[in-house]
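Participant: Spelled out from the first residue to the last, the chains are:
2 protein chains.
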Amino acid sequence: MKIRYSQLTIIPGNPAKNYETCLSAAKRAKKDGVNLLLLPEMSIPGYMIGDRWEENDFIEDCEFFSSELAKEADENFSLIFGTVAFFESVYGSPHNGYDGRKAKMNVALIATNGKTEYRVKTLLPNYREFEEPRHFFDNLTATARASNITEDAKMFPLQEICGAKFGVTICEDGWDDDYYYKPFDILSKAGAEILINISYSPFTAGKNRSRNRHFANHAKNLNKPVIYVNGLGLQNNGKTVFWFDGSSAAWNSKGELIAHSKMYEEEDVDFQFVDGELFSVSPLKYKETAEIEDIHKTLIYGIRNYMKQSGLKKVVIGASGGVDSTLAAALYAEAIGKENLLLVNMPTKFNSQTTIGIAQKLAANLGCWYTSVPVSESAALTKRQIDGLKPTNSKGENIEINLSSFNMENVQARDRGSRILAAIASAWGAVFTNNGNKTETTVGYATLYGDVAGFLAALGDLWKHTVYDLCRYINREKEIVPNEVLTLKPSAELSDNQAVDKGLGDPLIYPYHDRLLEALQQWWNRAPLADILQHYLDGDLAAYLNHGEKTELTEELIKTNFPDAKSFISDLERWYKLFKGMGVAKRIQAPPIIAVTRRAYGFDYREAAIQPYFSRKYLELKEKAIFS
Amino acid sequence: MKIRYSQLTIIPGNPAKNYETCLSAAKRAKKDGVNLLLLPEMSIPGYMIGDRWEENDFIEDCEFFSSELAKEADENFSLIFGTVAFFESVYGSPHNGYDGRKAKMNVALIATNGKTEYRVKTLLPNYREFEEPRHFFDNLTATARASNITEDAKMFPLQEICGAKFGVTICEDGWDDDYYYKPFDILSKAGAEILINISYSPFTAGKNRSRNRHFANHAKNLNKPVIYVNGLGLQNNGKTVFWFDGSSAAWNSKGELIAHSKMYEEEDVDFQFVDGELFSVSPLKYKETAEIEDIHKTLIYGIRNYMKQSGLKKVVIGASGGVDSTLAAALYAEAIGKENLLLVNMPTKFNSQTTIGIAQKLAANLGCWYTSVPVSESAALTKRQIDGLKPTNSKGENIEINLSSFNMENVQARDRGSRILAAIASAWGAVFTNNGNKTETTVGYATLYGDVAGFLAALGDLWKHTVYDLCRYINREKEIVPNEVLTLKPSAELSDNQAVDKGLGDPLIYPYHDRLLEALQQWWNRAPLADILQHYLDGDLAAYLNHGEKTELTEELIKTNFPDAKSFISDLERWYKLFKGMGVAKRIQAPPIIAVTRRAYGFDYREAAIQPYFSRKYLELKEKAIFS
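These protein sequences, in sequence, are chains A and B. Note that the numbering used here has the first sequence beginning at 1, numbered continuously upward. Note that the numbering used here has the second sequence beginning at 1, numbered continuously upward.
Chain A with its partners taken away, still in its complex shape:
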């Protein structure tokens, strides 16, 4: 029996287009004598479509195209693909969901000769950006409502194709660690000879290694082959943009990897299934890639396809000569082509010749368009118009408006984003970018309508140290990112206190604050403030924050910067309050972020604009630390 999976690109919310993609795959498979074709989860509707799941006309069309695709099955050819189905279509009688709308499910449609069956997804992820129970009944609920069946064997039927018994699962069904029901185990026990998992699962740095371990273990522990097919494509939930990276794979019954597709590339992979064992038709050519390479690829594909899907072609970048805008420029040049990229340097009297020189060199290295528009005249106009302004009331009283030097820093930042870049972009038929990294985004170290503005934050899920790592990766063969930028002190250059040539700049000590903020925001079990303080007091905070990784952060560095508990606590609370305070307010109005880590801002990491929280334990420890 010949089995194939096709790693396909799926467009969110476009069933007609996705049907065509799947149909070509089916035609190819039939021509090649394939007996069973496997396609990804949600191949017809796409996955991230917001609340469009609530619109029945959309679901009806998905069902129509699904049944059209199912017609491809014949006596020699079966196919299994993911789609959405109304409760009624699966069980024959209508049922409402918990929201009062027609109930529906995330299903694997199994089309054999003249017959269509469904397997309903059992485990529905409901963390990070996932929210499937918002829209779908799970297998257990659906079966119970349909027929009051609660026996495992009836809830998890096998599927016979070409005389072999298949256990069919969908995505999260294979990630059963934290769930009560273990679909792989149940299906194996029921007699499945081979286990299938159709997925639509997004890229997260480091996830592929975990995925390979996970499914290899299923195969090995159950002594059954496993085929995992994952889709490709760019999908978003408004604030957060995800890349579904493919990396489909298969393992034989010993748990040995026998096939592994590349990230972001469409591919058909064929297998022979003989006497309970799975064999790959082509030899395995898989080589594990470095994480920085995966991240780089994700950003390039992310930028390119986000623009394509939005009908955008050209981009304007405010190039300050700092490392963030420099990396952004290098990424966009690669993603959309130098002819579609315009760098604009916008100096004030505070900008050094050093950074202006870097911006010029960058443009030359990339071969893109470059110009300079100074900010000073407009800043002076704003000062003249607003400083000393005296609004009055009906009693003839007045107040006076005065712009401080700090106010003027923000005036300059907004002038760059909302006046110059926005005007140039609109005149050129382009958009302009947000170049903020995750460290700045976390603490809100940026100006709303200034550097917070932009159509997309490609760097918004990269800590400052990853920004540097990416620059070095991009320079792996030749200098694209001007080398000077890698040694320059990061600075906003908005006042004399931020003069890079004097070694002045950002108030963040990146090797430390990067790791601190990562622990507070990104760890699966986020670091409690009390634990952080305790580790500082114990002198092993660097080890704790490094979390098993080797980084630039040392106990020495912490001790040098924070010689006593008071200075440590004051810094800790300063950034924590910004993270939970102004940071939230700015993120609410920030552009979409391309997700890279397993906690991107936006829909992945959900926030409320509420007060920062200091636990009782932390407050007690703090009091002891300061007054002892």
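There could be a bad hint or two in this list.
[Claimed, not checked] Cβ-to-Cβ under 10 Å is the rule here; a few derived chain A residues that face chain B:
| # | residue |
| --- | --- |
| 1 | LYS239 |
| 2 | TYR301 |
| 3 | SER404 |
For the record, the hints were derived by calculation from the structure and aren't laboratory data. Backbone N, C-alpha and C define an ideal beta-carbon position, used for all residues, glycine too.
Keeping the supplied structure of chain A fixed, place chain B upon it in accordance with the hints.
Facilitator: Just chain B, lined up with the frame of chain A:
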């Protein structure tokens, strides 16, 4: 037996403060000889706190303060209040949630003399802004995991207090229409003599009437008294701000209303429970309020408390003389005081004396601060700096940047928001507002970093017709909103094509587009485009869109504006594409909205930046309509 509910204000994410509030209520109740005190759902943690639920140190503190509060119970005094609890605390052994973190539940804590028991919430809402299954196990899951119990009687135990059997439920447990389990019925059947529902439920226009009907029916059908206590407070999920409005109430066993607290006011209400019947100690003083009055109250409380919770005092409003900014000014003046309000008129050559006059009159009516800052000089500077700019590349080639008159409209809008208002606000220690209404917000009829900017969109969930209704409501006793604004043609006044004195202005036909967009965005079962087109063709679209309400929209108005199918379809698709296209991109970067309807943008109505969807049915009908 004397029972009391206390309608309290709960602060999200502040268990220490909430504990104090609840403790005072408990002390008052004991002093007054109350035997059983009922407090709202989630009284200790608050409700909308984003992913802070994932932080164990926060949950631990909530458990600490909950057990402190429980200590108030004694031989004469019991209390029932809502809080969060770890699985372990309820069932004695630890368990992980589906996200791999410690499992927890939304519970009613029942504190009697020396004993603490829990009732776990059974029905967890997972639609609109709700996402409880993301964080909590429901009663059925928790009971099954703890003890494999699946019998109703054991999953839904009663509570005996002062010899009477109480059925205790939490919020959604009482809204069981769309669920399989009906906690009220189960508890009543098990022998409950009185049913309690502790809630924390947000305001939605029209919801209180439905709530009263709902709980009255429970009481009547089950022939048992019902007490419903709801909390007060402002909570948010980042993009969307909700007012929890109280309106606690009680019904006797005949389903007659015997008590009803006001919206937004703290109150203790006492009952006697004698021989299975509930009596209010004070006579019922409830009068149903008009919806517009409720909305007005919600906005005033919303603005006031959002600012208070964010530590903000003063506000700057760009007052154009149009109806939206005029309403915003009137609302803010009432919410925060005229001395904290500064109106800034920012004319260009396109602004009429009419609107400038309205802005001045408005400031005089309100008694607030007023000033004028013209935009022309800055617009000219931008034109001078950017129009004709010639960026070059390393080969010496160049491109030319030219600003069109449409580009210049947006330059002016951004100049107002991001340069003038932002600078004045920062200099005055204030923030500036977003005045966009829901109609504009839906189709993205506003400029990013221009009128899309601001700290809060108080009008963002009000259709244009509600904006007018509110102005008239505010003028119910005397003219606060200048009457001229109510008859003025709405206009952005950004070009000669939008001259109000010539009767020109916005491209939206509000009486029609308001209802159309409401059908597409806000109806619980959103109107499919195919149905809209079919009703147009059938000549009864106004009746369909009016949805049983009496509005300004008539069949005549539709026919006059769209004499043939082609013009109708072209308009429909224009706005639908903007709604699903640029509208989404702008909403991603828009400020938080105060929710009023049952589908506010942001966290309530979830969106993805994907292509608009035209169903097969719509496309077929369109083809037929145009070519027949």
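Participant: Next step is simple, just say for each hint if it's right about the structure.
Facilitator: Taking the hints in turn, this is what the structure says about them:
Among the interface hints, the one on LYS239 (chain A) holds; its C-beta lies about 6 Å from the nearest C-beta in chain B, closer than the 10 Å criterion. The beta carbon of TYR301 (chain A) is not positioned within 10 Å of any beta carbon in chain B (closest approach about 17 Å), and the interface hint is therefore violated. The restraint placing SER404 (chain A) at the interface with chain B holds, with a minimum CB-CB distance near 7 Å, inside the 10 Å limit.
Hint 2 from the earlier list is the only one contradicted by this structure; the remaining hints agree with it.
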